[in-house]
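One line per chain: the protein sequences are A and B, in this order. As numbered in our numbering, residues 1 to 92 make up the first sequence, in order. As numbered in our numbering, residues 93 to 426 make up the second sequence, in order.
Among the clues, some could well be false.
Keeping only pairs whose Cα atoms sit at most 20 Å apart, straight-line, the calculated EDC-like set for lysine to aspartate or glutamate is [as the list claims (entries may be wrong)]:
(1) Lys52(A) - Asp264(B)
(2) Lys18(A) - Asp264(B)
(3) Lys43(A) - Glu81(A)
(4) Lys326(B) - Asp63(A)
(5) Lys43(A) - Glu265(B)
It is worth saying that the hints were derived from the structure and are not from the lab.
Listed below are the residues making up each chain.
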Amino acid sequence: MAITVRIPTVLRNLTGEKAKVSIEADTIDSMIASLESTFPGVKERLCDESGKLRRFVNVFVGDEDIRFLDGQDTALNDNDEVDIVPAIAGGC
Amino acid sequence: MDDRYSRQTRFTPIGSGGQQRLEQATVAVLGCGALGSVCAEMLVRAGVGTVRLIDRDFVEYSNLQRQSLYTEDDAARCHPKATAAARQLAHYNSGIKIEPHIADCNAQTIDALLTGVDLVCDGCDNFQTRHLLNDWCNSTKTPWIYAACVGSFACCLPMLPEQTPCLACLQDELPGPGDNPTCDSSGIIAPAVHQAALWQVSWALKFFTTGTMEPLYSSADIWEHSISQHNMSKWMNPDCLSCGTAATRPYLQHTAHDNIVLCGRGGLQLQRHKIAHLDALTQQLGTHVVTSNEYLVRWSDNNLTATCFRDGRVIIQGTQDEIQARAFCDKWLG
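For reference, chain A alone in the conformation it holds in the complex (with noise of 0.2 Å):
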């Protein structure tokens, strides 16, 4: 499937910069496996060793989040939209 994830300001250093990435994938686990090879790096930022997304690390497919979907096996269809937000702490 031809998804577009959105990337958080957090990971772009490791994105190039890009916002924004069209990639293939069909679950929210081949869509991290996808963008580890393409940008390496952005699996450990967040996931943790066992391959799990960290707590604070929320993903949402169109409006909802995958945590009341299917976790990382949620499937994903042609032209869906990933968010990525992390938790953030600033107000400096």
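Please build the complex by placing chain B on the supplied structure of chain A, with the hints as guidance.
Just chain B now, kept in the frame of chain A:
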């Protein structure tokens, strides 16, 4: 001055009834950096009856690009943000009460700092303090509005105890050092600050007008002109440690971390005894003193800079090493 709020009351959802409720309200702005500055200015101009400003820090030149209440003179004099903000805000609206507190918000001080407020606007720069605020707000059923910004990113989510998910429902694990971009590491542009603050103040106005807020997580990347919104109502967690049925509110119990904490700008903050005679300390520090005023004294030695406030807080810059920071404090303050 009778028509001061006329354009706001003419806005039908607020009207004169909403304006009256605003004038009776007490709102705390916790953290008077960039977000807190912008938020406080809008609250004060809108006529919120009492605005309480809480901040532990002082103004530096690197703040001036986005912290809209401060001046070059404040930075030159290392003026504490809470009182510098209060002085500036008093020029905008003399008809309301502004209460500055130069203080660190921790498990020991939060009660005294926030008692009596109807709403807290979050201007914090770290998650530790936000989780403490979240625990306190859940224990006292006080609503608060999370807002944050970094780089060109801004976000906001209102929290209404018992009705919406709380911060601990959404985040039961704190991001570790390096997981979480800060303004020091990723920079920050002023429009991102204003975006976060405008959501925050809109919710505040709406809360006092309608009595409610919805769990909508708004986020934006100003540089990319993209905005998104997610309804977080499903996140309410009955087992949440802060708002669930068996809540322990762990951050209110914390005592150990209060002695030494990492500051937003990469310095370390230590809590020492209250300074009864700041003048005497300033004299004692002699030629090492860089700046001193009625609120604080700043001195440097051996590439370390320390700033000591009257309440006994000392911020050490130039090291991340706790032992070295403690040793520096011991050497100069005994």
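Does Asp63(A) lie within 20 Å of Lys326(B) when you go C-alpha to C-alpha? holds (12 Å)
For the pair supplied as a hint, Lys43(A) and Glu265(B), is the alpha-carbon distance within the 20 Å limit? Holds - the C-alpha atoms of Glu265(B) and Lys43(A) are around 19 Å apart, at most 20 Å.
When you check the alpha-carbon spacing of Lys43(A) and Glu81(A), does it fall within 20 Å? Judged against 20 Å, a Cα distance of about 19 Å means the pair holds.
For the pair supplied as a hint, Lys18(A) and Asp264(B), is the alpha-carbon distance within the 20 Å limit? violated (30 Å)
Next pair to validate is Lys52(A) with Asp264(B); report whether the Cα-Cα distance is within 20 Å. holds (15 Å)
Violation of the numbered hints given earlier is confined to hint 2; every other hint is satisfied by the structure.
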